[in-house]
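A.B. asks: What follows is each chain in one-letter form.
Protein chains: 2
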Amino acid sequence: MSKEKLVKDVTSRDEDFAKWYTDLCVKAELMDYSNVQGFIIYRPYGYAIWEQIQNYLNKEFKKTGHQNVYLPLVIPESLFQKEKDHIEGFAPETAIITTTGVDDLAERLIVRPTSEVLFADHYSKIINSYRDLPILYNQWCSVVRWEKTTRPFLRGKEFLWQEGHTAHATKEEAMAETLQMLNIYDRLGKELLAIPFITGKKTDKERFAGAEETYTIEALMHDGKALQSGTSHYFGNGFAKAFNILFQDENNESKPVYQTSWGVTTRLIGAVIMVHGDNEGLVLPPHLAPIQVVAIPIQSNRDVVIDAIPKIEEVLESTGLRYKVDNSDRRPGWKFSEYEMKGVPLRIEFGPRDIENKHVVVVKRNTREKITVPFDELATTLPKLINDVHNEMYEKAKAHLESNIRVAKTYDEFKAHLELGGYVKMSVHGEEAELQVKEDTGATARVIVEEDLITNTCPVTGKKANITLLFARAY
Amino acid sequence: MSKEKLVKDVTSRDEDFAKWYTDLCVKAELMDYSNVQGFIIYRPYGYAIWEQIQNYLNKEFKKTGHQNVYLPLVIPESLFQKEKDHIEGFAPETAIITTTGVDDLAERLIVRPTSEVLFADHYSKIINSYRDLPILYNQWCSVVRWEKTTRPFLRGKEFLWQEGHTAHATKEEAMAETLQMLNIYDRLGKELLAIPFITGKKTDKERFAGAEETYTIEALMHDGKALQSGTSHYFGNGFAKAFNILFQDENNESKPVYQTSWGVTTRLIGAVIMVHGDNEGLVLPPHLAPIQVVAIPIQSNRDVVIDAIPKIEEVLESTGLRYKVDNSDRRPGWKFSEYEMKGVPLRIEFGPRDIENKHVVVVKRNTREKITVPFDELATTLPKLINDVHNEMYEKAKAHLESNIRVAKTYDEFKAHLELGGYVKMSVHGEEAELQVKEDTGATARVIVEEDLITNTCPVTGKKANITLLFARAY
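In order, the protein sequences belong to chains L and U.
Those letters in the first sequence? Residues 0 to 474, per numbering that gives the first Met the number 0, in order.
Those letters in the second sequence? Residues 0 to 474, per numbering that gives the first Met the number 0, in order.
If you are wondering where the hints come from, they were derived from the structure by calculation, not from laboratory data.
Warning: the hint list may mix true and false statements.
Copies of the same chain are indistinguishable here, so a pair counts whether it falls within one copy or spans any two.
[Stated by the list, open to error] In the BS3-like style, the derived pairs of lysine-lysine whose C-alpha atoms are separated by at most 25 Å in a straight line are:
#1 K81 x K397
#2 K26 x K61
#3 K81 x K310
#4 K124 x K18
#5 K124 x K334
#6 K83 x K424
Based on the provided sequences and hints, a complete structural model is requested.
C.D. replies: Written out as structure tokens, the structure reads:
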């Protein structure tokens with residue numbers, strides 16, 4: 000299949016959002032499907048986006064005193080079953096190694112779906128005294144969850160993530176850690192992904208298996224559906240009791256530790272696609288983009304253009320931006336489509352006329368605005384434009400989010416709002432209402448809203464309202 | 000168990016090298032054992048060493064045009080069996096997922112022991128034209144091989160590594176790539192690990208399953224045993240034919256690609272321990288060390304010392320070195336032992352007397368030499384000492400290597416040399432001699448020596464010698 004064909008073959012976003020999404024994943028060369036349903040190949044361009052996220056988070060984790068570690072891929076089944084709530088949540092989704100090339104195993108090994116039990120077991124061995132606390136570990140790895148319905152980046156049988164696991168002497172410290180990490184994720188959205196997250200606490204029903212509290216960052220996709228984009232869990236000392244993670248405090252008393260865990264995944268790549276992308280392809284937030292500026296010479300067989308290329312390269316190099324000069328023999332129009340598809344934030348075009356006039360044309364991917372920039376202002380203008388594009392993208396996503404949070408005082412109003420897409424705020428009678436709403440509409444409670452009740456009666460059950468929730472249909 | 004006890008408990012290196020090694024792995028907090036035999040926990044200090052190796056290689060890979068990707072953890076059994084030699088080599092060592100928390104799988108999934116077949120399958124889909132070549136990919140991940148005898152870092156059921164996989168239009172290009180990557184590994188030894196490698200080609204018998212040529216980097220451990228520390232394979236077009244990886248050349252002819260793969264693993268951490276370590280613990284090469292300088296105040300309750308700490312920190316910060324100031328309430332003697340155990344290359348001691356005399360004492364971990372450094376020369380002296388320590392460690396390892404390569408003209412001489420440890424060079428009659436030597440002595444051919452024959456007759460078989468090999472007992 001020719002490249003030109005590839006570019007043209009992307010479905011329109013407004014015609015079929017789901018197909019537009021998967022087309023884009025493949026055709027922007029972010030990923031490819033493997034031979035096993037639900038396992039994807041992270042191609043260089045997709046993996047480079049993940050590496051940008053890793054770089055951002057590794058810096059933040061280090062600043063806040065966290066250390067990277069690596070624990071085993073496998074969990075013995077007996078260890079996995081030590082924490083009852085946790086096993087119930089994950090057991091159906093586990094992939095299990097039962098045999099080798101030579102022998103069947105004496106004990107079945109679960110491929111980690113998440114590593115709480117491995118960390119808990121390790122902590123029970125290395126923690127002795129209050130002097131050993133807090134322990135602030137993070138792990139970058141892949142995990143396996145046997146999901147039936149899969150979709151690139153959003154839900155897969157294997158995905159890449161980081162999982163932080165910490166142990167603390169007090170409840171207060173553990174809770175502060177839970178919220179600190181939620182806050183780092185929120186800033187990741189604001190500073191790197193140009194995505195405004197709604198942050199908040201999950202209801203009991205939506206909580207992580209084994210956690211006492213789950214906090215979440217939720218993003219709103221262009222099609223009006225919500226996407227849980229990361230979570231931070233406070234475990235209390237449930238795991239500590241199940242795994243005997245005890246420390247001697249200052250008075251030589253033996254006490255269980257308090258734990259947290261928190262993670263974001265390659266799902267964030269999906270969020271970026273679905274928040275910012277358009278009919279021409281990806282629109283990458285500039286601080287995240289593997290290529291921030293692409294320079295494309297026009298009539299590149301002309302001497303004047305050939306001579307200008309190293310000068311452009313020198314300017315680009317001086318900015319410290321991630322750039323590419325595409326001087327290949329393909330047509331400029333083909334290149335424009337290609338880099339639009341790949342969502343490169345800024346494109347520089349320069350032909351003989353531009354060089355004569357000592358300027359270049361810069362095109363912003365997000366607005367397609369064309370700006371003529373004098374050559375000697377290019378080095379200072381590019382970083383400014385990068386920031387402009389980031390801010391514009393963030394503000395656009397924020398406006399979309401804010402205009403799609405609606406309040407419902409009746410169940411009919413709720414259903415009507417839901418059809419518009421986005422979030423609907425409603426005060427309800429707890430879990431009973433959540434279950435009913437889900438059954439009737441497919442929407443789920445995304446976060447608890449810490450505000451006064453909107454209505455005293457729950458519009459769903461007719462009972463006394465006791466909690467305000469933000470509902471949405473979600474990925 | 001108290002820390003003091005831990006430090007004292009390490010076995011002497013010369014008494015029991017194997018026990019010294021595993022003691023050190025645990026007590027320097029590089030790793031811990033998990034609940035599944037052969038799967039280890041990479042603790043923060045051990046993982047930080049691996050991250051230094053990753054940083055070095057990622058820069059080199061990028062300079063040479065390679066891109067990182069991530070392919071699935073699992074290989075369908077049918078795909079795995081497509082390349083006959085390869086499957087024969089790896090089948091006995093595979094771990095196999097056969098079931099999930101809900102259902103048995105229709106097809107068994109091999110947990111990747113290496114990813115040649117996954118890359119080959121992917122390449123068959125994304126390569127069409129000579130314009131798509133070369134493809135230069137690298138992957139950081141863990142792999143699983145069901146080894147019976149395991150030892151931390153050296154041989155495990157799971158280990159961390161990078162695996163490069165490339166595809167080229169010509170044999171020459173692929174061979175140049177194979178050698179280029181071998182050369183990068185060799186420089187990694189010289190520049191980061193302070194380990195001189197012997198590089199060369201493996202014999203047919205020792206070649207990687209499915210490869211046409213395997214090149215290796217081999218290191219000599221302190222106990223005289225060799226350690227294969229990395230490999231670079233030239234595949235020819237064996238995989239390309241088995242997986243139908245074809246491209247259209249400039250004349251529109253369909254041709255199979257030529258491939259390479261190359262990798263180093265966390266085994267390198269084991270090499271560093273066994274080449275440089277001593278009875279006091281690790282001795283880390285300074286460019287690799289997670290902490291390059293540790294500063295320890297003496298009588299740290301004295302005001303003059305308390306006042307000096309931020310000044311020392313300021314100097315350390317200005318050097319750009321990775322440092323730690325340990326102002327905890329433990330005794331200085333305890334701290335000295337701790338950081339010696341952890342192999343920190345430079346230790347700064349400063350007490351009231353030092354501060355009065357406007358100097359500090361710097362102790363080199365490798366030689367235990369104490370150097371008095373005037374305070375105002377500290378910022379310039381430290382980076383110089385870091386380089387000195389690196390060079391001294393490299394030269395020491397090189398001298399050890401060079402004095403342990405011996406030549407044998409008779410089989411008795413060979414056996415006598417072998418008992419001294421290190422390598423023995425001998426001209427032999429190919430594979431027949433290799434098998435005999437292994438049976439008689441346990442030694443294997445490490446590399447082919449590209450020199451004139453030493454003897455015309457093979458001392459092992461009595462037949463005509465046709466190849467010169469470097470033999471050693473190896474891990």
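A.B. asks: State for each hint whether it applies.
C.D. replies: Going through the hints against the structure:
{"no.": "1", "hint": "K81 x K397", "verdict": "neither (43 Å within a copy, 51 Å between copies)"}
{"no.": "2", "hint": "K26 x K61", "verdict": "between (35 Å within a copy, 24 Å between copies)"}
{"no.": "3", "hint": "K81 x K310", "verdict": "neither (64 Å within a copy, 50 Å between copies)"}
{"no.": "4", "hint": "K124 x K18", "verdict": "between (49 Å within a copy, 21 Å between copies)"}
{"no.": "5", "hint": "K124 x K334", "verdict": "between (57 Å within a copy, 23 Å between copies)"}
{"no.": "6", "hint": "K83 x K424", "verdict": "neither (33 Å within a copy, 61 Å between copies)"}
Going through the hint list in order, the structure does not satisfy hints 1, 3 and 6.
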